[in-house]
Amino acid sequence: MAGVPQIRRIAGTGVPIRGDDIDTDQILPARFMKEVTFDNMGEYAFYDARRDENGERNDHPLNTYTGANIAVVNRNFGCGSSREHAPQGLMRWGMEGIVGESFAEIFRDNCKSLGVPAMTADAETVDRLQTFIEENPEAGIELDVREKTITFDGEVVDAEIDHAMREALLEGTWDTTAVMRSNMDRVRDVANSLPYVEDR
Amino acid sequence: MSNGTLYDKVWDRHTVTTLPNGQDQLFIGLHLIHEVTSPQAFGMLRERDIDVAFPDRTFATTDHIVPTTPEGRERPLKDDQAENMLSALEQNTEEAGITFYGLDTGKQGITHVVAPELGLSQPGMTVVCGDSHTATHGAFGSIGIGIGTTQIRDVLATGCIAADKQKVRRVEVTGELGDGVYAKDVILKIIQDLGVGGGVGHVYEYGGEAIKSLDMEGRLAVCNMSIEGGARAGYINPDETTYEYLKGREFAPEGDAWDEHIEYWESIRSDEDAEYDDVVEVDADGIAPMVSWGINPGQVIEVTDPVPTPEEVPQQDREAAQKAYDHMDVEPGESMQGYDVDVAFLGTCTNGRVSDFREAAKVLEGRSVDDDVWALAVPGSETVRAECEKAGIDEVFREAGFEWRQAGCSMCLAMNDDKLGAGEVCASSSNRNFIGRQGDKAGKTVLMSPAMVAAAAVEGEVVDVREVLN
Numbered sequence: 001m002a003g004v005p006q007i008r009r010i011a012g013t014g015v016p017i018r019g020d021d022i023d024t025d026q027i028l029p030a031r032f033m034k035e036v037t038f039d040n041m042g043e044y045a046f047y048d049a050r051r052d053e054n055g056e057r058n059d060h061p062l063n064t065y066t067g068a069n070i071a072v073v074n075r076n077f078g079c080g081s082s083r084e085h086a087p088q089g090l091m092r093w094g095m096e097g098i099v100g101e102s103f104a105e106i107f108r109d110n111c112k113s114l115g116v117p118a119m120t121a122d123a124e125t126v127d128r129l130q131t132f133i134e135e136n137p138e139a140g141i142e143l144d145v146r147e148k149t150i151t152f153d154g155e156v157v158d159a160e161i162d163h164a165m166r167e168a169l170l171e172g173t174w175d176t177t178a179v180m181r182s183n184m185d186r187v188r189d190v191a192n193s194l195p196y197v198e199d200r
Numbered sequence: 001m002s003n004g005t006l007y008d009k010v011w012d013r014h015t016v017t018t019l020p021n022g023q024d025q026l027f028i029g030l031h032l033i034h035e036v037t038s039p040q041a042f043g044m045l046r047e048r049d050i051d052v053a054f055p056d057r058t059f060a061t062t063d064h065i066v067p068t069t070p071e072g073r074e075r076p077l078k079d080d081q082a083e084n085m086l087s088a089l090e091q092n093t094e095e096a097g098i099t100f101y102g103l104d105t106g107k108q109g110i111t112h113v114v115a116p117e118l119g120l121s122q123p124g125m126t127v128v129c130g131d132s133h134t135a136t137h138g139a140f141g142s143i144g145i146g147i148g149t150t151q152i153r154d155v156l157a158t159g160c161i162a163a164d165k166q167k168v169r170r171v172e173v174t175g176e177l178g179d180g181v182y183a184k185d186v187i188l189k190i191i192q193d194l195g196v197g198g199g200v201g202h203v204y205e206y207g208g209e210a211i212k213s214l215d216m217e218g219r220l221a222v223c224n225m226s227i228e229g230g231a232r233a234g235y236i237n238p239d240e241t242t243y244e245y246l247k248g249r250e251f252a253p254e255g256d257a258w259d260e261h262i263e264y265w266e267s268i269r270s271d272e273d274a275e276y277d278d279v280v281e282v283d284a285d286g287i288a289p290m291v292s293w294g295i296n297p298g299q300v301i302e303v304t305d306p307v308p309t310p311e312e313v314p315q316q317d318r319e320a321a322q323k324a325y326d327h328m329d330v331e332p333g334e335s336m337q338g339y340d341v342d343v344a345f346l347g348t349c350t351n352g353r354v355s356d357f358r359e360a361a362k363v364l365e366g367r368s369v370d371d372d373v374w375a376l377a378v379p380g381s382e383t384v385r386a387e388c389e390k391a392g393i394d395e396v397f398r399e400a401g402f403e404w405r406q407a408g409c410s411m412c413l414a415m416n417d418d419k420l421g422a423g424e425v426c427a428s429s430s431n432r433n434f435i436g437r438q439g440d441k442a443g444k445t446v447l448m449s450p451a452m453v454a455a456a457a458v459e460g461e462v463v464d465v466r467e468v469l470n
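In order, the protein sequences belong to chains U and V. Residue 146 in this note's numbering is what sits at position 146 of the first sequence, and the numbering runs on without skipping anything. Residue 347 in this note's numbering is what sits at position 347 of the second sequence, and the numbering runs on without skipping anything.
Derived from the structure by calculation, the hints contain no laboratory data. You may find that some hints are simply not true.
[What the hints assert, rightly or not] Below, computed lysine-lysine pairings styled on DSS-like, alpha-carbon distance capped at 25 Å:
(1) U:Lys34 x V:Lys167
(2) V:Lys247 x V:Lys212
(3) U:Lys34 x V:Lys247
(4) V:Lys9 x V:Lys362
(5) V:Lys419 x V:Lys323
(6) V:Lys212 x V:Lys9
(7) V:Lys165 x V:Lys9
(8) V:Lys362 x U:Lys34
(9) V:Lys362 x V:Lys390
(10) V:Lys107 x V:Lys390
(11) V:Lys323 x V:Lys441
(12) V:Lys167 x V:Lys9
(13) V:Lys165 x U:Lys34
(14) V:Lys419 x V:Lys390
(15) V:Lys362 x U:Lys148
(16) V:Lys107 x V:Lys247
(17) V:Lys362 x V:Lys323
(18) V:Lys165 x U:Lys148
Values in this document were obtained by computation on a predicted structure and should not be read as measured data.
Let's have the full structure, built from the sequences with the hints guiding it.
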């Protein structure tokens, strides 16, 4: 479909966000969801975690790795609520791709909706990548969606990406509304075959 | 791969086609919307000049941002942003011809409380909502899936989502529950056993004696917290309990249609010889009431057990445990009983139904809330509130010293005025104890059943409700 870019690889610098089970209430606190658009969400990403008791910016990675576009996270990242505000916030902060040990499912789906590749690697690789970025914050890293690899520190390592997400990104079909709208006749057939849907 | 389970059957009946990326295009039978995650989706539709495809399969109410006092609910709402969200939902639903249960309808409430009690949620449906607790509707034997806003756009525009079929795990819960132990304790026990990430990639089919013996409201509480265990959906096969509950509700089928529906509902039950990707057993026999001691819903214990020491926690969970000890100010090896409580909060999509208030009222009858506790009862819907008031349950709460409020999500996630202050401890019937969830980021949440919340309110500290009742 026109206008939806194909996403083959993301190159740039990284921001390591360490910790397991980082939930969406930490990524985007609920009190900032009272806006009818996602426009300002970038300002609210990790809002509380980025500030000390006096409301001053602390040394949270989002404060120190400004300009980075690849987040590197640990296990079960994005667990909790379904709020798309969480990946929207990170994307609007600057994130274009994310690598982690694992993701909560709704978070991963939301990344796909936004065209943000969410790749996984084993704990040892993720830790090595995080350490590399911490020691070399300016160094370039690259996520290759097609080859399913991560390049850093002169090395190419294997990574995983959900099959459907990979296909959608590579084919530029991650905008599912357009893809699914072309099947509306069949949608109505299915609806009408269900005993609980009134014939239309 | 699973075969012959309810999940397989309902999925197959709703599959439109396989998309080029390998995902299935799944028809959605019931789309629930609320004010926080839908306005952006309606905006996206407008940009593309697309109409809502199935307005009659879409139902809206307002829950996340609504104030819970009569004064607070006067329009325009004092909080401009909240007013803006509510107005946007009113306008969007009106334009699209979507039924909206607003503040003045007597039916407003939390989506996951409203849809079941109106009979909208039924066996064999696919249900989605821009809210992770959509798994709740699985209690009827439907597939309930929480979705993000872009997916809401998909559903509004096409009546479908693009989805991957998950693995099916049978969670066999054995044993009998004693007095003072409820569905909430069962699901917390399941999450304690299987972990907060244990269900990722899976749908949970709950079964076994401890599940079968639950009433519908208990089953709703169990399925509600599937996502806290990492499972995006969780369900229970429909049976007489399900049908009994549905019969006569506003949107339940009647007459001949009822019989036709029963046939469908029976047909989508998991087969006797269904194949599961795996089966796990959870022993709930004689468990004590559960309480959380940490900052995720897997950090829970039976109230009679001590807070685990780092050595008792699996290696990979130790860092999280340390963060929890620090935030909650609890000592490994010590009991949660006696942990000081400042706020008691009863309500939410997990535990905001009539039976929850009735069980809590049994504890409150003839007792009063501790002087140092602020106690808040927030019915899950205006229908629940009306039923409680008809039964005189509200009087028990008021006399005990609870504030009796109107329906909404309230202090579960503190998007309205009901917030936890800095350093305060909340005994809560909600579903998440994440840092900052209930208000101030220095606030502390202790998850428990409604009866346990009532007991904590009376004693001013975490106690075993069975001792209060005896």
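Structure-based check of all given hints:
1. For the hint linking Lys34 of chain U to Lys167 of chain V, the alpha-carbon distance of about 35 Å lies beyond 25 Å, and the restraint is violated.
2. A threshold of 25 Å between alpha carbons decides the hint, and for Lys247 of chain V with Lys212 of chain V the separation of about 19 Å falls inside it, so the pair holds.
3. Of the pairs offered as hints, the one joining Lys34 of chain U and Lys247 of chain V is violated, with about 38 Å between alpha carbons and a cut-off of 25 Å exceeded.
4. The suggested pairing of Lys9 of chain V with Lys362 of chain V is violated, with an alpha-carbon distance near 41 Å, which exceeds 25 Å.
5. About 23 Å separates the Cα atoms of Lys419 of chain V and Lys323 of chain V, which keeps this hinted pair within 25 Å; it holds.
6. Simply put, Lys212 of chain V and Lys9 of chain V have alpha-carbon atoms about 21 Å apart, close enough for the 25 Å limit, and the pair holds.
7. Only pairs whose Cα atoms come within 25 Å are accepted, and Lys165 of chain V paired with Lys9 of chain V is accepted, the gap being roughly 12 Å.
8. A distance of roughly 37 Å separates the Cα atoms of Lys362 of chain V and Lys34 of chain U; the hinted pair therefore is violated under the 25 Å criterion.
9. Annotation: proposed proximity of Lys362 of chain V to Lys390 of chain V holds, straight-line Cα distance about 16 Å (limit 25 Å).
10. Proximity of Lys107 of chain V to Lys390 of chain V is assessed by CA-CA distance (about 15 Å); at most 25 Å being required, the pair is judged to hold.
11. A distance of roughly 14 Å separates the Cα atoms of Lys323 of chain V and Lys441 of chain V; the hinted pair therefore holds under the 25 Å criterion.
12. Taking the CA atoms of Lys167 of chain V and Lys9 of chain V, the gap is about 13 Å. The hint holds against a cut of 25 Å.
13. For the given pair, Lys165 of chain V sits about 33 Å from Lys34 of chain U by alpha-carbon distance, which is inconsistent with the 25 Å threshold.
14. Restraint check for Lys419 of chain V and Lys390 of chain V: not satisfied, since their Cα atoms lie roughly 29 Å apart, outside the 25 Å limit.
15. About 58 Å separates the Cα atoms of Lys362 of chain V and Lys148 of chain U, which puts this hinted pair outside 25 Å; it is violated.
16. Under the criterion of a C-alpha separation no larger than 25 Å, the hint pairing Lys107 of chain V with Lys247 of chain V is consistent with the structure, at around 19 Å.
17. The straight-line distance between the Cα atoms of Lys362 of chain V and Lys323 of chain V is roughly 36 Å, outside the 25 Å bound, and the hint therefore fails.
18. Under the criterion of a C-alpha separation no larger than 25 Å, the hint pairing Lys165 of chain V with Lys148 of chain U is consistent with the structure, at around 22 Å.
Checked against the numbered hints given earlier, this structure breaks hints 1, 3, 4, 8, 13, 14, 15, 17; the rest are met.
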